[in-house]
Amino acid sequence: MTFNGNHLLGLEGMSRDEIEYLLDSADSFREISEREIKKVPTLRGKTVVGLFFESSTRTRTSFEIAAKRLSADFVSISGSTSSVSKGETLLDTARNVAAMRPDCLVMRHPRSGAPHFLARHVGCPVVNAGDGSHEHPTQALLDLLTIRGVRGRIAGLEVAIVGDVLHSRVTRSNVHALRTMGARVRLVGPPTLLPSALAEWGDIHHDLASGVRGVDVVMMLRLQRERQGANFLPTLDEYSRYFCLTREMLELAKPNAIVLHPGPINRGVEISSEVADGQASMILEQVANGVAVRMAILYLLAGRGRASVEQRQAV
Amino acid sequence: MSEGGAILFAGGTLIDPANDRHGAYDVLVEEGLVAAVGAPGSIGADAQRIDATGCWVVPGLIDMHVHLREPGYEYKETVATGTQSAVAGGFTAVACMANTKPVNDSAAVTEYILDRARESALARVHPIGAVSVGLAGRELAEIGEMYEAGVVAVSDDGMPIADGALMRRALEYTQLFGIPVIVHEEDPQLAGDGVMHEGRVCLHLGLKGMPSAAEEAMVARDLALLAQTGGKLHLAHLSTAGSIRLLRDARERGLPVTAEVTPHHFILTDEAVREYDTNAKMKPPLREQSDAEALVSALREGLIDVIATDHAPHHRDEKEIEFDLAAFGIVGLETALPLTLRLVRDHGLDPVTLVRAMSVNPARILGLDAGSLAVGRVADITLVDPDYVWTVQLEELRSKSKNSPFGGWEMRGAARTTMVGGRIVWSRGEQG
Ligand SMILES: [Zn+2]
Numbered sequence: 065m066t067f068n069g070n071h072l073l074g075l076e077g078m079s080r081d082e083i084e085y086l087l088d089s090a091d092s093f094r095e096i097s098e099r100e101i102k103k104v105p106t107l108r109g110k111t112v113v114g115l116f117f118e119s120s121t122r123t124r125t126s127f128e129i130a131a132k133r134l135s136a137d138f139v140s141i142s143g144s145t146s147s148v149s150k151g152e153t154l155l156d157t158a159r160n161v162a163a164m165r166p167d168c169l170v171m172r173h174p175r176s177g178a179p180h181f182l183a184r185h186v187g188c189p190v191v192n193a194g195d196g197s198h199e200h201p202t203q204a205l206l207d208l209l210t211i212r213g214v215r216g217r218i219a220g221l222e223v224a225i226v227g228d229v230l231h232s233r234v235t236r237s238n239v240h241a242l243r244t245m246g247a248r249v250r251l252v253g254p255p256t257l258l259p260s261a262l263a264e265w266g267d268i269h270h271d272l273a274s275g276v277r278g279v280d281v282v283m284m285l286r287l288q289r290e291r292q293g294a295n296f297l298p299t300l301d302e303y304s305r306y307f308c309l310t311r312e313m314l315e316l317a318k319p320n321a322i323v324l325h326p327g328p329i330n331r332g333v334e335i336s337s338e339v340a341d342g343q344a345s346m347i348l349e350q351v352a353n354g355v356a357v358r359m360a361i362l363y364l365l366a367g368r369g370r371a372s373v374e375q376r377q378a379v
Numbered sequence: 032m033s034e035g036g037a038i039l040f041a042g043g044t045l046i047d048p049a050n051d052r053h054g055a056y057d058v059l060v061e062e063g064l065v066a067a068v069g070a071p072g073s074i075g076a077d078a079q080r081i082d083a084t085g086c087w088v089v090p091g092l093i094d095m096h097v098h099l100r101e102p103g104y105e106y107k108e109t110v111a112t113g114t115q116s117a118v119a120g121g122f123t124a125v126a127c128m129a130n131t132k133p134v135n136d137s138a139a140v141t142e143y144i145l146d147r148a149r150e151s152a153l154a155r156v157h158p159i160g161a162v163s164v165g166l167a168g169r170e171l172a173e174i175g176e177m178y179e180a181g182v183v184a185v186s187d188d189g190m191p192i193a194d195g196a197l198m199r200r201a202l203e204y205t206q207l208f209g210i211p212v213i214v215h216e217e218d219p220q221l222a223g224d225g226v227m228h229e230g231r232v233c234l235h236l237g238l239k240g241m242p243s244a245a246e247e248a249m250v251a252r253d254l255a256l257l258a259q260t261g262g263k264l265h266l267a268h269l270s271t272a273g274s275i276r277l278l279r280d281a282r283e284r285g286l287p288v289t290a291e292v293t294p295h296h297f298i299l300t301d302e303a304v305r306e307y308d309t310n311a312k313m314k315p316p317l318r319e320q321s322d323a324e325a326l327v328s329a330l331r332e333g334l335i336d337v338i339a340t341d342h343a344p345h346h347r348d349e350k351e352i353e354f355d356l357a358a359f360g361i362v363g364l365e366t367a368l369p370l371t372l373r374l375v376r377d378h379g380l381d382p383v384t385l386v387r388a389m390s391v392n393p394a395r396i397l398g399l400d401a402g403s404l405a406v407g408r409v410a411d412i413t414l415v416d417p418d419y420v421w422t423v424q425l426e427e428l429r430s431k432s433k434n435s436p437f438g439g440w441e442m443r444g445a446a447r448t449t450m451v452g453g454r455i456v457w458s459r460g461e462q463g
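Order-wise, the sequence lines are chains X and L. The letter at position 229 of the first sequence is residue 293 when you use my numbering, and the numbering goes up by one with no holes. The letter at position 298 of the second sequence is residue 329 when you use my numbering, and the numbering goes up by one with no holes.
Same shape as in the complex, but just chain L (with noise of 0.2 Å):
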């Protein structure tokens, strides 16, 4: 880790879509800002020279989307070990979700995350606040105290909000402080107590289902009520083709909505649950082959917004049990950049795509300092080695959780170093 001085990414491919920059560009860091960008070899500095060969130089990647189980589940995540995984996978920022215990539902706790984080984080730290007290879907948060102590969104992700009343007063409201409202969509009566995609593979293994429709119908829902309310909507997580056809609708009609998917929803498919794996069990499930592709060419066009992980640690004991108790969700933070490098070579994502859904547009949605590389901002640097070459092996990852479906998957792409404030918080060397 170097502390302070000037450090020269030199002889990569800068892709700074917030600038229109893509190309060949050397950036010079000084005092933790962008102090020069410019044609390789132009910039002269008494700078630590940063060999950025075959890389991409691009604004810090942030994960709207984790839950750093800080203060209440230590045992599977604390923000230390959160940002850990964070940096180690190209983030430089996250938003972490306010399921903790005690819920992020008032300042007091806002405050003792922001307290931690500066503690212990090593990536930047952004709280979401709960739009219900105790997430239990009554009555409103106190979102303003929160807001002030430095919430930059409200959800109860973890818990749909079935109340339609709830949510229309929380879109309301939240536009005093022009702050998101971020929905995990899930109609609770229909999702039932299903534990996977309900489709061909659930029908074989004799699982309960959670049919598209409990998504699609609380997405059809809150986008009617955008449409009378304003404010801003962000759909998280969407794993539906019927979603992506709500949200082309949405956004041909103008509405203020934007949305976001995982890399898991568009890798995976439910046939990753075949030999009953924990570790394929999320919510949303994993849908089928048609839906990922949706997701894929929505991505693609900029349809989606964001790609976030929903980060998601369980301890072992919570996925080693049958599939029906197993706990839901898994990690991301460090497989999150080659899985979606893999749509850059293999389905036509096109890098300055990437760039925008991993940083640029998380950066405009929860209105972060973040996202641009131009002179003068924070220096926030991700630099992505989009051809190492390296196996996710789970106990090596930096999450105190080892909860992924990706154990033993050989990746292409990774993050080389990740700078944060213009300091070096994490290099991968050549041997990872």
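The shape of chain X in the complex, shown without the other chains (with noise of 0.2 Å):
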């Protein structure tokens, strides 16, 4: 089996046997950074290019550093460095950075089908790095090679998503790739961010504890301080009292279950400090396999991206 998709978009729609070959790629990525010299040359003389119309320093760093490890060049275009502020659409945008024919766009925007709408006027790959509500791919493929790391499987096994599951791109993709990889999810949150439509995605929880109750994986996600002032909840303070993911409350999942963060963390209010920084936390195996599966990507898509210019001036 092999990853035969032009770009990185999204992981609806996406096989088993496709995510099984994409996180067993991330898993021999994972050995070289680890190494003392963390440097391979297998993307020499590629350009990867980084649009982010949206401020994400983690996401745009784990990017840079999967791209040089791989001896790739990484130019990032931000926000505020890009002309998108000047009137410039982005059509614009997208026909500029194609001319400069980079092997690879990594893309973060604010707008859900931006990427895809990049990937129709582009000659080359264009992954995914988070599009508005919508996906969020190589955050869920990370998420999926923890979970895969620690308990050895993803089938099987009873995940929780905690929190804001309406707005959340790491959601979607998330409940795409556990489904398909045969865990069972649980949504759980309150109703306004939480709508009943959802049920076929998982079963639908509106208390934290009926959530949580005896699953493998509790999947907090970031509150994004917006919906307080968008009345989907009265105050964080009220929100954390039902919602916040407490010791307390964690020991109603298993035993031995784990607890995954996107980041960043916003302490107390969806996730306690004691949780966070407590032994069931994954959040740092979470960054570190978030280079190893923007390396396998960058690797599957870059890799065979157009010829590059040593390449060209050798034939």
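No lab work stands behind these hints: they were computed from the structure. Please note that a few of the clues may not be correct.
[Claimed, not checked] Calculated cross-link-like contacts (lysine to aspartate or glutamate; reagent style EDC-like; alpha-carbon spacing at most 20 Å): (1) X:Lys132 x X:Asp91; (2) L:Lys431 x L:Glu349; (3) L:Lys132 x L:Glu142; (4) L:Lys350 x X:Asp267; (5) L:Lys350 x X:Asp156; (6) L:Lys350 x L:Glu302; (7) X:Lys132 x X:Glu264; (8) X:Lys318 x X:Asp271; (9) L:Lys263 x L:Glu179; (10) X:Lys318 x X:Glu290; (11) L:Lys239 x X:Glu76; (12) L:Lys239 x X:Glu118; (13) L:Lys239 x X:Glu264; (14) L:Lys239 x X:Glu290; (15) X:Lys102 x X:Asp137; (16) L:Lys431 x L:Glu105; (17) L:Lys431 x L:Glu150.
Since the model is a prediction, treat every value here as computed from it, not as a measurement.
Mind docking these for me? Both chains are given alone in their own frames, and the hints should help you get the complex.
Encoded structure:
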């Protein structure tokens, strides 16, 4: 099995074999990061361009490290240095960047579907590094890699995803991938952030205790502070009273349950410090796996992109 | 284009519900009027003969909901290009919404539009005036002045009338002139900054939704007002099964309400948004299969009076952007007839009902001298070829804008000839 996509826009619709293949590839790249010289020449001469229309130090850094460990050149255009704010459209940006002949584009964008738009207008692979409330495929892959690394499997596990499900791109990618891989998903949150129509994705729980009882994995979502003003919840304090993952709550899960969080965490809002820093927390493991997943994706997509300058000259 | 002379539509099927005629008739047009209607071969006249074999001869189609964009947005559409698009789609008349720049909230703008129509329009143009000054939803516009200048209805379309008290006054005040208030039903807070129907697809795509309740709550409010005030209420582009239930209830109570639906709402569903296609973005949004089915059955039984396009041209630059940022609306004049003919072929819509919904009823609602092919009436005639097969090529649309989700669709049915006041303004050759 291989991964045949031209882009990585989302995990919805991806097959079990494909996801397995991506995870296996990521596993093999994990080892490189353990070496003293953390660099291989695999993508030498390739250019990866990051288009970050939304600030995201973590994701951008993770992609940059991944690209550099593969010896690719990584250029990042961020919201402030790009011409986006000067009235240039995404189409203009796409055409301009494409004219620089990158081997792969990595895009983070606040609008759902923006990477799909980009992919239609450039001739190189596009990696979605998070689009609006839609998908964040590399995040879900690193979550799955983390779960598989600790538990040895994904199939048959019970996973609770807790928090602002409605607005979460992390949830969407994880739901598709976890279900495809045979996990059982529970969605936990207040009805304002967890519409009942999402029952087709997993069992709906509006009560945190029932939501985490007996699960193998608790995946906490970051609560955006803006939700408070928009009446999705009265105050962050009241939210945390019902949905903060505390040690007592975590004790309701399986004894060896693990806790994931995509970061950055809001201590005391959705997760207590005790849990975030505790033994069950896989937060730092997730970060390490993030680099491996992104190396695998860049390797698979940029590696087969258009030929590098050296290669073309050599012919 | 032919001028003046007598024309005989021969060998076709006449569908003229206003005069209870449906069958084989020849129709003679002289000096801009219907001169004779008779059995096939019975009309002997020195006339140019149009072979209507296999076609329907119907009173000219009327689209009571279009955006011609002139004045102010001529880069999207003009009276000239919009009416070229209209006649190519079989429409002999259109009613144009007031959300131009400046807004059509005064007699001066109404007159300007009518002047532009006299100079450049291929179809008849009936302006619709604004309900409120500047479409701002605060003070009533000078509806009387606009009525004198020629508006056939008032509407703040594009904007909902959020203020219930203003809506009430509009329903009351328009009774001075007997013209309808056409409403775009959308609760602005409930719709929020939604960009598509709130349902499964929207949850999948991570886009912000507009719930069905945003439309239904306003339909319910306006029907409650109507029961109290009287007047004429016309519900534009209904899109949900819930709105249909409210309409049915209002009709059973005898309220003076009429309603329209667009072809895109009965043909497409929110699934069309899947690939973030900005040409599937409009207000009201494309809903679900059950909604589309409710619209079709309401059309079939005549509960919905009118099919209108909500023809909303937008420039490429307003559509080739992120879905969230793209303009709402699509062009519809050239695809409405074949899309409706799908209902005739596949969903049991009676051709007579089609003609009522696309000609007789809009004429009645707007008080136009149209929708009838009785002898002596104005010869606005559409010759419909229900079997003409063609493919929608966006670049070939007559509209200045190409924002249609139907590009590449194979269509069956088209206007073969469109006649306005006895003059042929459109004819489609065998090759299209
Ligand atoms: Zn409207």
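Results of checking the hints against the structure:
A hinted pair counts as satisfied when its Cα atoms are at most 20 Å apart, and Lys132 of chain X with Asp91 of chain X qualifies at roughly 18 Å. For a cut-off of 20 Å, the pair hint linking Lys431 of chain L to Glu349 of chain L stands: about 13 Å separates their Cα positions. Between Lys132 of chain L and Glu142 of chain L the CA atoms are separated by roughly 14 Å; this keeps the pair inside 20 Å, and the hint holds. The straight-line distance between the Cα atoms of Lys350 of chain L and Asp267 of chain X is roughly 38 Å, outside the 20 Å bound, and the hint therefore fails.
Proximity of Lys350 of chain L to Asp156 of chain X is assessed by CA-CA distance (about 14 Å); at most 20 Å being required, the pair is judged to hold. Among the hinted pairs, Lys350 of chain L with Glu302 of chain L is consistent with the structure: their alpha-carbon atoms are about 18 Å apart, no more than 20 Å. Between Lys132 of chain X and Glu264 of chain X, the direct Cα distance comes to roughly 40 Å. Violation of the 20 Å bound is thereby established for this hinted pair. Restraint check: the Cα-Cα separation between Lys318 of chain X and Asp271 of chain X comes to about 17 Å, which is no more than 20 Å; the hinted pair holds.
A C-alpha spacing of about 18 Å is found between Lys263 of chain L and Glu179 of chain L, which places the hinted pair at or below 20 Å, so the restraint holds. Proximity of Lys318 of chain X to Glu290 of chain X is assessed by CA-CA distance (about 33 Å); at most 20 Å being required, the pair is judged violated. For the given pair, Lys239 of chain L sits about 19 Å from Glu76 of chain X by alpha-carbon distance, which is consistent with the 20 Å threshold. Restraint check: the Cα-Cα separation between Lys239 of chain L and Glu118 of chain X comes to about 18 Å, which is no more than 20 Å; the hinted pair holds.
For the proposed pair Lys239 of chain L and Glu264 of chain X, the alpha carbon gap of about 19 Å is at most 20 Å, so the pair holds. With a CA separation close to 15 Å, the supplied pair Lys239 of chain L and Glu290 of chain X stays within the 20 Å bound. Between the alpha carbons of Lys102 of chain X and Asp137 of chain X the distance comes to roughly 15 Å, so the proposed pair stays at or under 20 Å and holds. For the hint linking Lys431 of chain L to Glu105 of chain L, the alpha-carbon distance of about 9 Å falls within 20 Å, and the restraint holds.
This hinted pair checks out: Lys431 of chain L and Glu150 of chain L have alpha carbons roughly 18 Å apart, not beyond 20 Å.
Consistency note: the structure conflicts with the earlier hints numbered 4, 7 and 10.
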